[in-house]
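Position chain U relative to chain B; hints supplied.
Chains B and U, in that order, are what the protein sequence lines are.
Okay, so the first sequence: first residue is 1 according to the numbering used here, each after it adds one.
Okay, so the second sequence: first residue is 1001 according to the numbering used here, each after it adds one.
Do not rely on the hints blindly, as some may be mistaken.
Just the calculated beta-carbon pair ranges, DEER-fashion [what the hints assert, rightly or not]:
#1 B:ARG24 - U:MET1602: 41 to 47 Å
#2 U:ASP1759 - B:GLY61: 48 to 54 Å
#3 U:HIS1840 - B:LEU3: 58 to 64 Å
Short, incomplete list of chain B residues facing chain U, as computed with Cβ under 8 Å [as the list claims (entries may be wrong)]:
#4 MET1
#5 LYS2
#6 ILE8
#7 GLY20
#8 ASP34
#9 ALA39
#10 HIS42
#11 GLY46
#12 LEU50
#13 TRP54
#14 GLY61
#15 TRP63
#16 ALA81
Honestly, the hints are just simulated from the structure, not real lab data.
For clarity, every value in this text was computed on a predicted model and none was experimentally measured.
We treat Cβ as the ideally placed atom computed from N, Cα and C, and that holds for glycine.
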Amino acid sequence: MKLLQCPINGIRPLSEFTYGGEYRDMPDPDTCTDKEWAAYVHYRNGAPGLKKEWWYHGPSGTWFIAERDTMTDKVSRTYIAGQEEKQ
Amino acid sequence: MSSRIAKKRGEWINRDKPLTFEYEGQQVQGYEGDTISSALWANGVKVLGRSFKYHRARGILSFANHDVNALMTDGEDTNIRADVWPVSNGMKLEAVNTDGGVIKDKNKYIDYLSPFLPVGFYYKTFYKPKRMFPFWEDKIRKAAGLGKVNFNYPRHIKPKRYAHCDVLIIGAGASGLSAALEAAEQGFSVILVDENRQIGGSLTYDLAGDPAATDTLSTLQAAVESQANIRVIIDAYAGGYYGDNLVPIVEKSGITKVRAQTVIVAAGVFEQPPVFRYNDLPGVMLGSAAQRLVHRYAVKPFNKGVVVTANDHGYRTALDLASVGVEVVAVIDMRRDGAAQDITQKVKDKGIAVHKGSCIYEAVAAGDKLGVKEVVVCPYDETTAEADTSRSVRLACDGVAMSAGWAPAAALLYQAGTKMRYDDSIQQFVPAQLPESVFAAGKVNGVFELKARMQDGRRAAAEAMNYMGKVVAVDSVKQSLSSSPSHPYPIVNHPKGKNFVDFDEDIQVKDFINAAKEGFDNIELMKRFTTVGMGPSQGKHSNMNAIRILARIRQLPVEKIGTTTARPFFHPTPIGHLGGRGFHPHRYTAMHQWHVDNGGEMFEAGIWMRPGFYTPAGVKLSAADAVQQEALAVREKVGMIDGSTLGKIEVFGPDAAAFLERFYTGKFAGQKVGESRIAMLLDEAGVMLDDGIAVRMADDQFYVSTNSSNAATVYREMQRNVQLWKMQVTLVNLTGAMAAMTVAGPASRSVVEQLTDIDVSAAAMPDGAFRTGKVAGVDARLMRVSFVSDLAFEIHVPYKAGLHVWNAVMEAGKAFGIRPFGTDAQRLLRLEMGHHLISHDTDGLTNPFEAHSDSLVAMDKPFFIGQRSLKILAKKPLNKKLTTFVLDQGFNGELPNECNLVIDSANNISGRVTSISYSRYLNRHIGFAFVPPEQTNDGARFQIRTDSGAMVSATACNAPFFHLLES
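If we strip away everything but chain B, and leave its shape as in the complex, we get:
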């Protein structure tokens, strides 16, 4: 079982976490075109590589971002969304 570094609680086994999907920056709903919005909602890039992902540490209720290479399954870093610089 994989281990994952929760930015608040440290290294914990994967069974304590829930995957929350790829992190994607939402386009401005007021200015984007329908096409851009549809692409944001429906398209996912399945190509292996470095992805930003949402992960949730269940016991503590912590959402955070993990940067994971889906090719090697290596997590390079994790941080609370919006606090990227602090960690």
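Using the frame of chain B, we list chain U on its own:
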């Protein structure tokens, strides 16, 4: 007729402790430390089992935990591996997969049918007619197979243990021991695992005849035993490799899950059999198996033998055999050039003939096929794999030792994601690129020479330590091998076949050729068609030869063929090791025991247990009647349901209202304290996820409910968005902390008002109103809701008070004929009211416009989740819409089921039923269906196709359905 020889240095048996056991009705003597196979072999018993498919007699092959034809049952346990299982006093063993004993096995006739049972025979022959398949299946299962499962097997609870270490080393041979010492001396904690009952690896057999090597082993052993940083686990195997260096170590007593910072695989190699006709007869065994018999168990493998070899190991085997008095007739070397001069001379000095460029064309069975009586030796052409039968020689013997090469025990390396390459200089796959915290050392890494293996172990340990941050020098390893340890193609073609590649599944060379002809010429396809490597040994002695054969068929280099990955577990592992205590947690509401005591039929509802309906003790009531009576009680009098499973989340803070405005589709900013509003949640695509009620308790405090099944998800999404939107909001999940119950029906007000100080009159508490106060003396939250009936009160109280309040309501309701109702009645009641259930009547694509929920969507808000998608959807015509419908009055045909399709006049699918139920109150069948939008108008007719294909007319009908009673 004992084959036991004089005591040997380092032998594994304890001659002071003789043991007696029974094999196939025969008394057998052994010693403590013997395995079943070694004790039987010492007593001259050479038929240890029957093969899986052809029921051929089999003896010792590898003697290394993959002799899967020598499987025993002791009556309780089955598929006991005789080659490694220790004997104990009083064991009563029988070989598995026989009909009438291993010698007289009635199924041995199948061997004579083998020409008619080519590869793929079963797939092609028995699949039709389909009705006959069970008959054939029964026959085949009886004839082919392993041990019979004893269904009275007692339950042995095995512990799950955990361990952590800096370095986990798999394999305690020369390289593993050296690696362990290197790391431990630098202060790292080491766990060293070996599947044998003593450490030492190949030093305990291959080089055991060499006193210098044995001294080296003694030194290593002593050093490891005195090193406090090393924990040695013997008689245990590393079962598999899982993410981030989690390796389950399987012992007889149970599993230890080891989490290591680094893993060094020093698991060695498996000896591979050369392939020639009748290479499976009892008495024909691998050279390393013969060496193990000699050095570990002091048993003579045979009296007069031949060694067939394609490497120098065969010469060492010959010397070992000669040293214990075996008459070695000849060393047959398949290589044109033979071995180096010095070792050849050593063998010749013992009076053993050496035939270079020769092969065993076939072994000849003794009359009863239970042993070997001679071998046919021919000149061998290494390039064509053909024997020159015109110049054959017959050599009488009662045993053959085979040494043609090795395959790496790299299963864990593959599982860890190691890229392997084929090294032509040693004709073996070796690691090319390892994961960063996994290392390989010794023979599995292609290093064979003893000194080099010890260096390689220390080199791997040094690399592991560098990975962990300790800077130590990494010395490179050099070995000088006089010849390749493995032969590139140790196969001898034979027109009559029975030259076995896979002993688990009785697969011969021609099976591969036939498979390739059928088009299964990729290693993965060939594996599945021929079943090579799919037996209990997982290809440990067959995959390498299979790859070599396929490479030759396709005329490709071995590396291009690639390998298959052996999945965990490394050896078959008893289910009891993996199974744990039943741990399937359920949540119970505060009133759970009450439901059980009062006849509640409890069902799983997500993680909760809920009563579906009640059948009180002593009352004869069908489930359907119970549900209808409960529903009638709510319509005509009063009923109560336990609603504690509802998600209950409190949202606090200055941004609480603003947060809900963004999160849900409705408006909350202007919501008055004491009012409730529907809270519908969409996803970003505008699909309906959940609906609940949001109550404003204070300007900065909301109390939000969710559907029972969505409590965790909605809470989680709230948490994510609070963070994402950076809002001043605090969330508290009260789902488990609060009990809830709904009192519903025309008499509900009369019941509730007896228990509370809150004014529940129609004027003071209209539908949707929320009040706090005392109910049955307990601080409560009281809400007017209308999900199951026009008049209903939802009472929320702290969990601990739940049962008290429930009992108080039941008591107060007695005079009004109150009945508890379950989830089944609730579903019927909400259907009568015309309320859809999200994710029951809607699916993963349904948007609010399709479910008559336009009024809940405040499109004029600046933002809510899913709004942008709805703006796009709003521009498009709808092609389906949810409608309520009734079947015709007095309908008594085949009732449509949920998911039955709506069929239009052109016989096309135009929709589907999502809910359907009979209502006794209405005396009508009512339901929800998706239909084309024009068919949602009151009175529109459409057709539903039932399971049997019958068409049933339905009529779209406005809900609530109660107007049907007036007409």
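Status of the hints after comparison with the structure:
no. : hint                            : in the structure
1   : B:ARG24 - U:MET1602: 41 to 47 Å : holds, 42 Å
2   : U:ASP1759 - B:GLY61: 48 to 54 Å : violated, 38 Å
3   : U:HIS1840 - B:LEU3: 58 to 64 Å  : violated, 38 Å
4   : MET1                            : holds, 6 Å
5   : LYS2                            : holds, 4 Å
6   : ILE8                            : violated, 12 Å
7   : GLY20                           : holds, 7 Å
8   : ASP34                           : holds, 5 Å
9   : ALA39                           : violated, 12 Å
10  : HIS42                           : holds, 7 Å
11  : GLY46                           : violated, 18 Å
12  : LEU50                           : violated, 17 Å
13  : TRP54                           : holds, 7 Å
14  : GLY61                           : holds, 6 Å
15  : TRP63                           : holds, 5 Å
16  : ALA81                           : holds, 6 Å
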